[in-house]
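S.K.: Listed below are the residues making up each chain.
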Amino acid sequence: MDAKEMIARRAAQELRDRTLVNLGIGLPTLVARFVPPGLHVAFQSENGILGFGARPPEGMEDPNLTDAGGGFIGAEPGAASFDSAMSFALIRGGHLDMTVLGGLQVDAAGRLANWMVPGQLVPGMGGAMDLVTGARRVIIAMQHAARGESKIVPRLSLPPTAERRVDLVITDLAVIEPTPDGLLLRECAPGISVAEIVAATAAPLIIPDVVPDMPLGGGR
Amino acid sequence: MDAKEMIARRAAQELRDRTLVNLGIGLPTLVARFVPPGLHVAFQSENGILGFGARPPEGMEDPNLTDAGGGFIGAEPGAASFDSAMSFALIRGGHLDMTVLGGLQVDAAGRLANWMVPGQLVPGMGGAMDLVTGARRVIIAMQHAARGESKIVPRLSLPPTAERRVDLVITDLAVIEPTPDGLLLRECAPGISVAEIVAATAAPLIIPDVVPDMPLGGGR
Amino acid sequence: MRKSISAAEAAAMIPDGARLMIAGFVAVGSPERIIDALVARSARGLTVIANDTARPGLGIGKLIEAGCVARAIVSHIGTNPVTQRKMLAGEVEVELVPQGTLAERVRAGGAGLGGVLTPTGLGTLVAEGKQVIEVEGRPYLLEAPLRADFALLHAQEADHEFNLTYRLTATNFNPIMALAADCVIAEAMETVPVGVIPPDAVRTPGLLVDHLLERMH
Amino acid sequence: MRKSISAAEAAAMIPDGARLMIAGFVAVGSPERIIDALVARSARGLTVIANDTARPGLGIGKLIEAGCVARAIVSHIGTNPVTQRKMLAGEVEVELVPQGTLAERVRAGGAGLGGVLTPTGLGTLVAEGKQVIEVEGRPYLLEAPLRADFALLHAQEADHEFNLTYRLTATNFNPIMALAADCVIAEAMETVPVGVIPPDAVRTPGLLVDHLLERMH
Numbered sequence: 147m148d149a150k151e152m153i154a155r156r157a158a159q160e161l162r163d164r165t166l167v168n169l170g171i172g173l174p175t176l177v178a179r180f181v182p183p184g185l186h187v188a189f190q191s192e193n194g195i196l197g198f199g200a201r202p203p204e205g206m207e208d209p210n211l212t213d214a215g216g217g218f219i220g221a222e223p224g225a226a227s228f229d230s231a232m233s234f235a236l237i238r239g240g241h242l243d244m245t246v247l248g249g250l251q252v253d254a255a256g257r258l259a260n261w262m263v264p265g266q267l268v269p270g271m272g273g274a275m276d277l278v279t280g281a282r283r284v285i286i287a288m289q290h291a292a293r294g295e296s297k298i299v300p301r302l303s304l305p306p307t308a309e310r311r312v313d314l315v316i317t318d319l320a321v322i323e324p325t326p327d328g329l330l331l332r333e334c335a336p337g338i339s340v341a342e343i344v345a346a347t348a349a350p351l352i353i354p355d356v357v358p359d360m361p362l363g364g365g366r
Numbered sequence: 147m148d149a150k151e152m153i154a155r156r157a158a159q160e161l162r163d164r165t166l167v168n169l170g171i172g173l174p175t176l177v178a179r180f181v182p183p184g185l186h187v188a189f190q191s192e193n194g195i196l197g198f199g200a201r202p203p204e205g206m207e208d209p210n211l212t213d214a215g216g217g218f219i220g221a222e223p224g225a226a227s228f229d230s231a232m233s234f235a236l237i238r239g240g241h242l243d244m245t246v247l248g249g250l251q252v253d254a255a256g257r258l259a260n261w262m263v264p265g266q267l268v269p270g271m272g273g274a275m276d277l278v279t280g281a282r283r284v285i286i287a288m289q290h291a292a293r294g295e296s297k298i299v300p301r302l303s304l305p306p307t308a309e310r311r312v313d314l315v316i317t318d319l320a321v322i323e324p325t326p327d328g329l330l331l332r333e334c335a336p337g338i339s340v341a342e343i344v345a346a347t348a349a350p351l352i353i354p355d356v357v358p359d360m361p362l363g364g365g366r
Numbered sequence: 002m003r004k005s006i007s008a009a010e011a012a013a014m015i016p017d018g019a020r021l022m023i024a025g026f027v028a029v030g031s032p033e034r035i036i037d038a039l040v041a042r043s044a045r046g047l048t049v050i051a052n053d054t055a056r057p058g059l060g061i062g063k064l065i066e067a068g069c070v071a072r073a074i075v076s077h078i079g080t081n082p083v084t085q086r087k088m089l090a091g092e093v094e095v096e097l098v099p100q101g102t103l104a105e106r107v108r109a110g111g112a113g114l115g116g117v118l119t120p121t122g123l124g125t126l127v128a129e130g131k132q133v134i135e136v137e138g139r140p141y142l143l144e145a146p147l148r149a150d151f152a153l154l155h156a157q158e159a160d161h162e163f164n165l166t167y168r169l170t171a172t173n174f175n176p177i178m179a180l181a182a183d184c185v186i187a188e189a190m191e192t193v194p195v196g197v198i199p200p201d202a203v204r205t206p207g208l209l210v211d212h213l214l215e216r217m218h
Numbered sequence: 002m003r004k005s006i007s008a009a010e011a012a013a014m015i016p017d018g019a020r021l022m023i024a025g026f027v028a029v030g031s032p033e034r035i036i037d038a039l040v041a042r043s044a045r046g047l048t049v050i051a052n053d054t055a056r057p058g059l060g061i062g063k064l065i066e067a068g069c070v071a072r073a074i075v076s077h078i079g080t081n082p083v084t085q086r087k088m089l090a091g092e093v094e095v096e097l098v099p100q101g102t103l104a105e106r107v108r109a110g111g112a113g114l115g116g117v118l119t120p121t122g123l124g125t126l127v128a129e130g131k132q133v134i135e136v137e138g139r140p141y142l143l144e145a146p147l148r149a150d151f152a153l154l155h156a157q158e159a160d161h162e163f164n165l166t167y168r169l170t171a172t173n174f175n176p177i178m179a180l181a182a183d184c185v186i187a188e189a190m191e192t193v194p195v196g197v198i199p200p201d202a203v204r205t206p207g208l209l210v211d212h213l214l215e216r217m218h
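Protein chains in written order, with the working numbering: chain A, 147 to 366; chain B, 147 to 366; chain C, 2 to 218; chain D, 2 to 218.
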């Protein structure tokens, strides 16, 4: 299992039955592959559909049915489509139970940066600012480090995406819960020690007495 | 021809081809009966339809297709229905070419009062405040006097419907255009003299040299 | 597939004193079965947010007559003389809101917006006590968002995942109220299998609807 | 029945320097024929208000590559490296707006509202220089409405009175942009007789649409 799959599998454990969930572009999109059996989760794509399904077989795609990255998707029975104003009314209005987003940095206050690196990379925020502001739970799914540097930092050096404290950070090394008191280490990735996580993390961590291993669900 | 029909006929002369028009409850509703031949006018009803048509024959009504007063209507080919937010986006957003509304008072500044008589009659403004604020042209169709008192007054004694100066006032005696300089007498009802109009009007009128008779269009 | 409830069960969920949004326009598009059940259980002290109070014997008019309503936030009461009488007698408190402002306040409540900036109502009684905000040199009235404990909706079709469609002028406030309440209860003319309503025809996604009334027999 | 126009006629109406809203989401639901005609006539100095700048060779990406665009007001440019390069080179000015805020600003522009009060963007670069308004004790960012000279739309069906429908995720910004421009030009996949589209399926009433492109042959 590679790091991305592990992160996606762990994030999928946060899904709950009969909830409305938005998955960001990139790694978070993988989460849809690992929905625990028996759960009915409706995935929203901010370009205007709720209840979308897997990419149809070659030749059966509809050019009018894509995800927020422009990739082809299908529609589950009972899907609903709508315009961008309604899509963000759902997001901003608190109707979204959860969003899983990628991150560039999360800091000790639980703030997220994920939309620009000044002077270098300016993709734009797309729907991320609304998602972080409006979703009931915000889960960040990302690598623990980039180019050898911890992405979990004492204080954001990149522009924040929102004021709000995110709810959970899932990386290839750990699961960390931002709390009012700081970053709480909740779980270790399989085979990773608490000491290794602390060493790889630039921000201070609160370490409980017991830190269990990440649950990753059953296999496909 | 009774006074109401005359007012409605005269108001219908203000209709223009390919325009979107809202008719208020009561007298203004009659205007739809006198659309000049050859004109294509789309009537909007603020409860959520554009392009509505005459009341269907007995037994062919649809309980889901009514005007803003709850009366049965039909739908012309090409009609469109929508929710209340969209309906008032059309009205407030300046997409309505014209509205014809009833009035309790119009004053020398061209301001309208038509939604309440404090302590006596408080029907509420319904859509009137939005219509007067947002429609490109606001035409008031009303009796010149009520219980012997002029409804065209120097200054509103009733609560105003909006700040905006209305564009035209059509009564059973006259057509009056509120201008930045005051109320301009534009037309006399058939058989009514300028002197009679001045006598029946509490507000000062600007009287041009020539005041023609109201055009009332052809027959039905 | 989700389980539907009876009108009486719906009415039992709604406590006295609750704040309700009720869709409909002079009762067209109003949930008559839920309303009847509220009258039957003698609900008291309700606040009703709606376009109007319909007519005596019809829609919200039934709640007014039965004494269920303490307060109405509506755009007009012109079609219901009972409401006018009860208002003048001090039995029902009425807050009048311009219809377009009402629609936007409900929409803002459902969309997570902090309020509405509208030119409607400037220079009128509606502006009293409210903030005027200038944007690009023009004044607008700041109107607060509206939310409710319950939204009571009337749909044309519902599927068993509670996706809803509406019909013609029975649409009115239904789609926007569906987002603006903590608990959304709908009744529908027809119940159809999941997948029968095409995605583009769904006006209210089923995940917004908490309860659907059983189909009529 | 109204007369439709060619894509070249549409492009000729749009002067250099015009401010355009262009619907679409990574080019899905974008009016490719009008865009091609703008590229063909070498339009210059356009301001484009859109969700994104699509990809090179696709939708608004074609306008960027051809040097038609001076300024883009969009929610992201992550799918188009050409836009990123031109932005860093100072050839295209880019104003980034959160997607939900962009949708509401367009909607406000079309609905006659004075602006948008949103929590999105508070405490970020987006809030710089903007007013924060408190409503019921909570802060919101005041975002101004957006309007344009032209809105360019892509519909699924149009009838000969220019009523429009949209399909699935090709809907996106089309219905809201239809209200927010002085001149609305649409292209459609199919043109159908008046009356074929049921009133409840019409998403943009034809009276909002100034011009429709001739059907493709």
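In case anyone wonders, no lab produced these hints; they're calculated from the structure.
Bear in mind that the values here come from a model prediction, so they are computed numbers and not experimental data.
Backbone N, C-alpha and C fix where the C-beta goes; we use that ideal spot for every residue, glycine too.
Treat each hint with caution, since some may be false.
Unchecked claim - Derived, one-sided and incomplete: chain C residues facing chain D with beta-carbon distance under 7 Å:
1) T119
2) V133
3) V136
4) G138
5) C184
As the list claims (entries may be wrong) - Calculated from the model, a selection of chain D residues having no Cβ within reach of chain C, i.e. all distances over 10 Å:
6) G18
7) G68
8) A112
9) V117
10) P140
11) T166
12) R168
13) C184
14) V195
15) A202
S.K.: For C184/D, is the shortest CB-to-CB distance to chain C above 10 Å, so the non-interface label stands?
M.R.: At about 21 Å from chain C, C184/D clears the 10 Å cut-off, so the statement holds.
S.K.: Given C184/C was flagged as interface, is its beta-carbon under 7 Å from a beta-carbon of chain D?
M.R.: 21 Å, violated
S.K.: Does the claim that V195/D lies outside the interface with chain C hold up, using a Cβ gap greater than 10 Å?
M.R.: 18 Å, holds
S.K.: Should the label of P140/D as a non-interface residue stand, given a Cβ cut-off of 10 Å to chain C?
M.R.: Non-interface label on P140/D violated, nearest chain C Cβ at 8 Å vs cutoff 10 Å.
S.K.: Next item in the hint list is V133/C. Is there a CB on chain D closer than 7 Å to its CB?
M.R.: Status violated, d = 10 Å.
S.K.: Does the claim that R168/D lies off the interface hold, with its Cβ farther than 10 Å from every Cβ of chain C?
M.R.: Contrary to the label, R168/D does not stay out of reach of chain C, its closest Cβ about 7 Å off (not over 10 Å).
S.K.: Against chain D, run the beta carbon of G138/C and see if the smallest gap drops under 7 Å.
M.R.: 11 Å, violated
S.K.: With 7 Å as the cut and Cβ atoms as the points, is V136/C at the interface with chain D?
M.R.: 4 Å, holds
S.K.: Taking the shortest Cβ-to-Cβ distance between A112/D and chain C, state whether it exceeds 10 Å.
M.R.: 8 Å, violated
S.K.: So, T119/C near chain D? Judge it on the closest CB pair being under 7 Å.
M.R.: 6 Å, holds
S.K.: Any Cβ of chain C at or closer than 10 Å to V117/D, or is the non-interface label fine?
M.R.: 7 Å, violated
S.K.: Beyond 10 Å from chain C, beta-carbon-wise, is T166/D?
M.R.: 8 Å, violated
Comparing the model with each numbered hint stated earlier shows that hints 2, 4, 5, 8, 9, 10, 11, 12 and 15 do not hold.
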